[in-house]
Amino acid sequence: MIVFSGATFKERRIAARVERALLGVLGQKDIFAVDAAMAGEEDIRALNASARGVDSVTDVLSFPALENISLPAVKSDFPPQCFDGGRVALGSIMVCRRRAEEQAESYGHAYSRELGYLVCHGLLHLLGYDHILPEEEKEMTALAEKAMTAAGLTRDKAR
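Quick note: to get this note's numbering, add 907 to the position in the sequence shown (first position is 1).
Treat the hints as calculated values from the structure; they're not laboratory data.
A hint or two may mislead.
Below, in silico cross-link-like pairs of lysine to any residue (SDA-like), each with a Cα-Cα straight-line distance of 25 Å or less [as the list claims (entries may be wrong)]: (1) K1053 x A944; (2) K917 x K936; (3) K936 x K1053; (4) K917 x G947; (5) K1045 x A1017; (6) K1053 x Y1018; (7) K1053 x A923; (8) K1053 x M908; (9) K1045 x T965; (10) K982 x R924; (11) K936 x F985; (12) K1045 x L933; (13) K917 x A940; (14) K936 x P987; (15) K1045 x S1013; (16) K982 x A940; (17) K936 x A923; (18) K1053 x H1038; (19) K1045 x S977; (20) K917 x A928; (21) K1045 x P971; (22) K917 x D984.
Taking the hints into account, I'd like the entire structure generated from these sequences.
Here's what the structure looks like:
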């Protein structure tokens, strides 16, 4: 379950829809707790600088709480200290609303599509996926696109 602070009702619905779709694509039951927040440009720039050493505004940051997750996972795979209110604490995501709006306009698709994609991207990082190597990027992009399609947020239908 994703808890999205600073987000509008519509943004929270998009995030929940994408989370359900991604978990479905991965064959994963919803056992996780994810904290997400909308951020302004200065806040996300400062966090990007302190966390990654990159002093620039970015669209999404992810802070995984766990490593080496094997999916599909069940609650018994995790020790008691990994739980938050009966769910496995997966980590946190921060999305820059302004950057998402700019990218949606630049890519020619709806804000809902862009926000959904950024949330999906962040969730994939929390689940252990990365895009450092070309084959990792290909797998991560394919999973994200499947989830976006399942969520009904394709580039042509997300308006």
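Here's how the hints hold up against the structure:
For the proposed pair K1053 and A944, the alpha carbon gap of about 24 Å is at most 25 Å, so the pair holds. A threshold of 25 Å between alpha carbons decides the hint, and for K917 with K936 the separation of about 24 Å falls inside it, so the pair holds. Between K936 and K1053 the alpha-carbon distance is near 17 Å, which keeps this suggested pair within the 25 Å criterion. Restraint check: the Cα-Cα separation between K917 and G947 comes to about 18 Å, which is no more than 25 Å; the hinted pair holds.
Using a Cα cut-off of 25 Å, the hinted pair K1045 and A1017 holds, with the two alpha carbons roughly 23 Å apart. With a C-alpha separation of about 18 Å, the suggested pair K1053 and Y1018 falls inside the 25 Å cut-off, and the hint holds. For the hint pairing K1053 with A923, the CA-to-CA distance comes to about 16 Å; that is within 25 Å, so the pair holds. In summary, the hint linking K1053 to M908 is supported, as the alpha carbons are separated by about 20 Å, within the 25 Å threshold.
Among the hinted pairs, K1045 with T965 is consistent with the structure: their alpha-carbon atoms are about 21 Å apart, no more than 25 Å. Restraint check for K982 and R924: the C-alpha separation of about 22 Å stays at or below 25 Å, so the hint holds. Distance hint between K936 and F985 is fulfilled; the C-alpha atoms sit about 14 Å from each other, no more than 25 Å. With a CA separation close to 16 Å, the supplied pair K1045 and L933 stays within the 25 Å bound.
With a CA separation close to 20 Å, the supplied pair K917 and A940 stays within the 25 Å bound. With a C-alpha separation of about 18 Å, the suggested pairing of K936 with P987 holds against the 25 Å cut-off. With a C-alpha separation of about 22 Å, the suggested pair K1045 and S1013 falls inside the 25 Å cut-off, and the hint holds. For the proposed pair K982 and A940, the alpha carbon gap of about 12 Å is at most 25 Å, so the pair holds.
For the hint pairing K936 with A923, the CA-to-CA distance comes to about 14 Å; that is within 25 Å, so the pair holds. Annotation: proposed proximity of K1053 to H1038 holds, straight-line Cα distance about 17 Å (limit 25 Å). The hinted pair formed by K1045 and S977 meets the criterion: a straight-line CA distance of about 19 Å does not exceed 25 Å. Proximity of K917 to A928 is assessed by CA-CA distance (about 17 Å); at most 25 Å being required, the pair is judged to hold.
A threshold of 25 Å between alpha carbons decides the hint, and for K1045 with P971 the separation of about 21 Å falls inside it, so the pair holds. Of the supplied pair hints, the one linking K917 and D984 is violated, its CA atoms being roughly 33 Å apart against a limit of 25 Å.
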